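Spelled out, the chains give:
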Amino acid sequence: MRRNGAEDMSEDDERQQSPRSDLEFTSNKARYCKATGSASDHPDQVLENVLENVLHFLTSRRDRNSVSLVCKSWYRVEALTRSELFIGNCYAVSPGRATARFTRVRALHLKGKPRFADFNLMPPDWGAHFNPWLLAMAKPYPWLEKVYLKRMSVTNDDLATLAESFSGFKELVLVCCDGFGTNGLASFVSKCRQLRVLDLIESEVIHDGTDWISCFPQGESHLESLIFDCVEWPINFEALERLVARSPLLKKLRLNRYVSIGQLYRLMIQAPQLTHLGTGLFSPLEIAGQGDQELDYGTAFAACRSLVCLSGFREIIPDYLPAIYPVCANLTSLNFSYANINAEQLKPIISKCHKLRVFWVLDSICDEGLQAVAATCKELRELRVFPINAQEDIDSPVSEVGLQAISEGCQKLQSILYFCQRMTNEAVIAMSKNCPDLVVFRLCIMGRHKPDPVTGEPMDDGFGAIVMNCKKLTRLAVSGLLTDKAFEYIGKYGKLVRTLSVAFAGDSDMGLKYVLEGCSQLQKLEIRDSPFGDAALRSGLHHCYYMRFLWMSSCRLTRQGCQEIAHAMPRLVVEVIRSADMEMDDFVETLYMYRSLEGPRIDAPKYVTIL
Amino acid sequence: MGRATSSSSSSIESSNHFAFSSTGASASSQRDLSTDLQLGLSISTSPPYGREQPSDWPPIKPPLRQALAEEENECDSATFFVKVYMDGIPIGRKLDLLAHESYYDLIRTLQHMFNTNIIWAEAEVDGDHYEKYHVLTYEDKEGDWMMVGDVPWEMFLSAVRRLKITKC
Numbered sequence: 001m002r003r004n005g006a007e008d009m010s011e012d013d014e015r016q017q018s019p020r021s022d023l024e025f026t027s028n029k030a031r032y033c034k035a036t037g038s039a040s041d042h043p044d045q046v047l048e049n050v051l052e053n054v055l056h057f058l059t060s061r062r063d064r065n066s067v068s069l070v071c072k073s074w075y076r077v078e079a080l081t082r083s084e085l086f087i088g089n090c091y092a093v094s095p096g097r098a099t100a101r102f103t104r105v106r107a108l109h110l111k112g113k114p115r116f117a118d119f120n121l122m123p124p125d126w127g128a129h130f131n132p133w134l135l136a137m138a139k140p141y142p143w144l145e146k147v148y149l150k151r152m153s154v155t156n157d158d159l160a161t162l163a164e165s166f167s168g169f170k171e172l173v174l175v176c177c178d179g180f181g182t183n184g185l186a187s188f189v190s191k192c193r194q195l196r197v198l199d200l201i202e203s204e205v206i207h208d209g210t211d212w213i214s215c216f217p218q219g220e221s222h223l224e225s226l227i228f229d230c231v232e233w234p235i236n237f238e239a240l241e242r243l244v245a246r247s248p249l250l251k252k253l254r255l256n257r258y259v260s261i262g263q264l265y266r267l268m269i270q271a272p273q274l275t276h277l278g279t280g281l282f283s284p285l286e287i288a289g290q291g292d293q294e295l296d297y298g299t300a301f302a303a304c305r306s307l308v309c310l311s312g313f314r315e316i317i318p319d320y321l322p323a324i325y326p327v328c329a330n331l332t333s334l335n336f337s338y339a340n341i342n343a344e345q346l347k348p349i350i351s352k353c354h355k356l357r358v359f360w361v362l363d364s365i366c367d368e369g370l371q372a373v374a375a376t377c378k379e380l381r382e383l384r385v386f387p388i389n390a391q392e393d394i395d396s397p398v399s400e401v402g403l404q405a406i407s408e409g410c411q412k413l414q415s416i417l418y419f420c421q422r423m424t425n426e427a428v429i430a431m432s433k434n435c436p437d438l439v440v441f442r443l444c445i446m447g448r449h450k451p452d453p454v455t456g457e458p459m460d461d462g463f464g465a466i467v468m469n470c471k472k473l474t475r476l477a478v479s480g481l482l483t484d485k486a487f488e489y490i491g492k493y494g495k496l497v498r499t500l501s502v503a504f505a506g507d508s509d510m511g512l513k514y515v516l517e518g519c520s521q522l523q524k525l526e527i528r529d530s531p532f533g534d535a536a537l538r539s540g541l542h543h544c545y546y547m548r549f550l551w552m553s554s555c556r557l558t559r560q561g562c563q564e565i566a567h568a569m570p571r572l573v574v575e576v577i578r579s580a581d582m583e584m585d586d587f588v589e590t591l592y593m594y595r596s597l598e599g600p601r602i603d604a605p606k607y608v609t610i611l
Numbered sequence: 001m002g003r004a005t006s007s008s009s010s011s012i013e014s015s016n017h018f019a020f021s022s023t024g025a026s027a028s029s030q031r032d033l034s035t036d037l038q039l040g041l042s043i044s045t046s047p048p049y050g051r052e053q054p055s056d057w058p059p060i061k062p063p064l065r066q067a068l069a070e071e072e073n074e075c076d077s078a079t080f081f082v083k084v085y086m087d088g089i090p091i092g093r094k095l096d097l098l099a100h101e102s103y104y105d106l107i108r109t110l111q112h113m114f115n116t117n118i119i120w121a122e123a124e125v126d127g128d129h130y131e132k133y134h135v136l137t138y139e140d141k142e143g144d145w146m147m148v149g150d151v152p153w154e155m156f157l158s159a160v161r162r163l164k165i166t167k168c
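From first to last, the protein sequence lines are chains U and Y.
Quick note, in UniProt numbering, the first sequence goes up one by one and the last residue is 611.
Quick note, in UniProt numbering, the second sequence goes up one by one and the last residue is 168.
So that you can see chain U by itself, here it is in the shape it has in the complex:
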C-alpha cells in the first residue's frame, strides 16, 4: 500500500547516535560523576529531584541515551522521566526488561520485521508479535496513551485488550502491520472512549465482516485523526458521515477507495476544518449521467481553508481534478501515487502548488511532468516517483532528464525515491551538486545490473558523487550496474549513512568489507542478490554490535560461515531463514542478524533456524 503519511519524512530512524541506544549493553562503562554521587544520601536525593525536573524537558531519544550513561544516579532518573519509549527492534530487548527499567511510560513506539519483508522476501508468520508487549505493559503502564507499531503482527484480541487495559488510551498508529481485521477494529473503537487518533497506514486488514465504523461510541467524539485508506473493504458510509459530524476536532481524515467522490463531498462540507484529507476513490461509484446532478466539488474544497495535505485519488477521473485548484496554493503535501495522470493533466495543478514540500507521484507524468514540478515547486523537500509499470526492460517514462530537472529546480530537496528504467551518472552527479541538503537518496533503476546508457559505464561514479557531495546523507539505496568501486566510495565518504539498501550489486567480498569498515554510523544494512560471502561478513563483525540489524538474502553466505559468526558474537541473534519448502542447504538463503540482550527468541517459526 502506498504510504499516505506523505507529510512525514521518509527517514524513519531518528538520530540514534549512541550505539548502545537504550539498552544497558555494557554495564561497567559508566563514567564517574565528579562532585556529586558521593557518600551522603541527602545531597544525592536533592540532586536527583532537581535532575528529574530538568530531565523532563529532554525529549530527544539520543540525548536521553547519552544522559543515562553519565552515572548510575543519572541513569535512574532518566529512566523515571522517559515517557516515550522507542524500541527499534522488538527482539532486541524483552518487554519485561523494558518495563522494568522505564516505569513511567506513556507512549510506546515499537518496530518489528525488517523492511525487506514488505517485498515478499520473508515468509509469513515470521514473528514480531505485539501480544507479549501488550501483556507486559498492562500493569506497569496503566496510563499508557499512545502506541505506534511498525511491521508488527497484531491480532483482534490484542486490539480489544489494548482498549480494555488502558482507560486513558488516546492514539493508535499501525504502519505496515497485519494479523487483525474489522472485528478487532470494532472492539477497539467501541471500548476506547478517549480515542483521538486511529491511523491505519499501509496495513493489511482482514475482512471479518464487521461494520467497525458504526462501533464508535455515540455522543461527541474526541477524534482528531482517522486514517483508513488501506482498508480494502467497504465501510458504512452513513455511520461515517455521522461520526464526522460529531467530531469537531477532526483534522485528519483519509478515506479508502470505497468512498466515492459524491460521498467525499458530503463529508467535506461537514468538516471544513480538515488539514489532511485522503480523497478515497475520487470518482463516482456509478457512471455519471445516472440522474445525479454534478456537485460543485470545487466549492467543497474551497471551504477547506486549512487543507495542507492531500492524498487518495484511488481511481481518479481527471475531469474532477480541477476541483482541487482552490487548495493548491496552500498545499504542502500532495500524494498522487495512485493517480494515473499524464503531464498535461498534472501541469494545471502543480503550477499552483508553490508551497509544496512533499510530492509523491506516478511516472505516468513522465519527464515532462517532472520538469513542471521543478519549475514551480521551489520549496520541495521530498519527492517520490513510483512506476506505474513495475517491470524491467520496458521504455522509461521517467529518466535522467527528469532527475536533472528536479535537481536544478528543487535545490532544497532533502529526500528522494526515484524509480526509473534508465539513469545516467551525469544526472546523479548533477543532483549531488545541486541538492546539498539531501538526507535520503534512493534510486531504483529497475533493470538489474543496468549500466549508464550513454557511457556504458557502471553507476559507481554517480553514487560516489552522492556520498561525497551530500554531507548530510543518512539513507542510501543503490541500484544499476555497480562494482566494488561504488562501495569503496560509500565506505570512504558515507560517514553519516545509517541505512543502506543494496540489490544486485558489487563484484566481490571487498564491496561489503568497504561498507562495514568505513560506514561508522551504519545501523541498518539490507542486501539482496549480491556476491558477498562469509569472509566479507567476518571482516566487519566488530561493527555488528553497533548496528540494529543486518539482512542478507541470496548472497554467498554459507551455513558454516554463519555458524562461526554466531559463535563469535554471543549477543547477536543470527537467524537463517529459508523458504518453506526448501531443504537445509549449505548456502544460506536469507540471513537476518541483529543485536539482542535476550538471546534466541522462542517464537520463531520452523523455517527459521537460530544459530
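Just so you know, these hints were derived from the structure itself, not from any lab.
Values in this document were obtained by computation on a predicted structure and should not be read as measured data.
Check each hint, because a few of them may be wrong.
Calculated lysine-lysine pairs in the DSBU-like style (CA-CA distance at most 30 Å, straight line) [stated by the list, open to error]:
(1) Y:141 <-> Y:167
(2) U:485 <-> U:378
(3) U:472 <-> Y:167
(4) U:412 <-> Y:61
(5) U:355 <-> Y:141
What follows is a set of in silico ranges between Cβ atoms, one per label pair, in the way DEER data are often shown [as the list claims (entries may be wrong)]:
(6) U:599 <-> Y:102: 23 to 31 Å
(7) U:436 <-> Y:70: 35 to 43 Å
(8) U:124 <-> Y:102: 26 to 34 Å
(9) Y:157 <-> U:190: 48 to 56 Å
(10) Y:63 <-> U:586: 30 to 38 Å
(11) U:395 <-> Y:140: 33 to 41 Å
(12) Y:70 <-> U:157: 31 to 39 Å
(13) Y:63 <-> U:610: 57 to 65 Å
(14) Y:63 <-> U:569: 35 to 43 Å
(15) Y:109 <-> U:194: 46 to 54 Å
(16) U:57 <-> Y:70: 47 to 55 Å
(17) Y:168 <-> U:245: 53 to 61 Å
(18) Y:70 <-> U:598: 41 to 49 Å
Beta carbons: idealized from backbone N, C-alpha and C, even for Gly.
Guided by the hints, dock chain Y onto chain U, whose structure is given.
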C-alpha cells in the same frame, strides 16, 4: 510491453543495445559484457527469482503493485462484442465476451439479461421442466450453429461470431 527476458540475459541485451548506440569505446563495451556475463551467471543460480518478472523485484509493495496492475488492465482491455438473440424476441442484445472470464461467467450474465434458465454443454437439467429452459448456441466461423461449452473458453472466443438462445 516488457519482454520476458531472464535476469542474466536482460543485462547483456541492454548493455549491448546501449553500447552500440553510444559512441563509447568498444573496449568498455567488451568489459561490460564480460562483467555482465559474470554477474549474470553468478546471480542466475540464486533461488528467489527465475526468468519471469520476480514478485519481489522491483521493490514495490504488493498492495500498490496490485492496485496499479488492476488499473493497467482496465485501461488496456480490449472488448469483443457479439450479438445475442433470443427466440421470440426480434430485438437482439450485445455482449462483451472479453468482460467474462469463463463459461460460468457468461451463462450467469445471459441468464440475468434474458431472465431465463440456460442450458449449455455442462448444465444440469431438471428433466420435468424442459419448457422452462433455453439452449445457448453460437455460430462459429464456418457458419455452423453449435452448443456452447464443448471447447475450451479461449477456443470458443476465437471461433464465436454470435450467440442465439433457443427454446428447448
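Taking the hints in turn, this is what the structure says about them:
1. Taking the CA atoms of residue 141 of chain Y and residue 167 of chain Y, the gap is near 23 Å; set against the 30 Å cutoff, the hint holds.
2. Between residue 485 of chain U and residue 378 of chain U the alpha-carbon distance is near 34 Å, which puts this suggested pair outside the 30 Å criterion.
3. With a C-alpha separation of about 78 Å, the suggested pair residue 472 of chain U and residue 167 of chain Y falls outside the 30 Å cut-off, and the hint is violated.
4. A C-alpha spacing of about 28 Å is found between residue 412 of chain U and residue 61 of chain Y, which places the hinted pair at or below 30 Å, so the restraint holds.
5. Taking the CA atoms of residue 355 of chain U and residue 141 of chain Y, the gap is about 62 Å. The hint is violated against a cut of 30 Å.
6. Here the CB-CB span from residue 599 of chain U to residue 102 of chain Y is close to 54 Å, at odds with the stated 23 to 31 Å.
7. A hinted range of 35 to 43 Å holds for the C-beta pair residue 436 of chain U and residue 70 of chain Y, which are about 40 Å apart.
8. Evaluation of the 26 to 34 Å hint for residue 124 of chain U and residue 102 of chain Y yields a pass: the beta carbon distance comes to about 30 Å.
9. Separated by about 50 Å at the C-beta atoms, residue 157 of chain Y and residue 190 of chain U satisfy the suggested range of 48 to 56 Å.
10. Between residue 63 of chain Y and residue 586 of chain U the beta carbon distance is about 36 Å. The supplied range of 30 to 38 Å therefore holds.
11. As the Cβ distance of residue 395 of chain U to residue 140 of chain Y is approximately 39 Å, the hint placing it in 33 to 41 Å holds.
12. At roughly 33 Å, the beta carbons of residue 70 of chain Y and residue 157 of chain U sit within the given window of 31 to 39 Å.
13. Residue 63 of chain Y and residue 610 of chain U have their C-beta atoms about 30 Å apart, which leaves the hinted 57 to 65 Å range violated.
14. Between residue 63 of chain Y and residue 569 of chain U the Cβ separation comes to about 37 Å, which falls inside the hinted range of 35 to 43 Å.
15. As the Cβ distance of residue 109 of chain Y to residue 194 of chain U is approximately 51 Å, the hint placing it in 46 to 54 Å holds.
16. Separated by about 50 Å at the C-beta atoms, residue 57 of chain U and residue 70 of chain Y satisfy the suggested range of 47 to 55 Å.
17. Checked against the hint of 53 to 61 Å, the pair residue 168 of chain Y and residue 245 of chain U passes, with Cβ atoms roughly 57 Å apart.
18. Separated by about 43 Å at the C-beta atoms, residue 70 of chain Y and residue 598 of chain U satisfy the suggested range of 41 to 49 Å.
Checked against the numbered hints above, the structure breaks hints 2, 3, 5, 6 and 13 and satisfies the rest.
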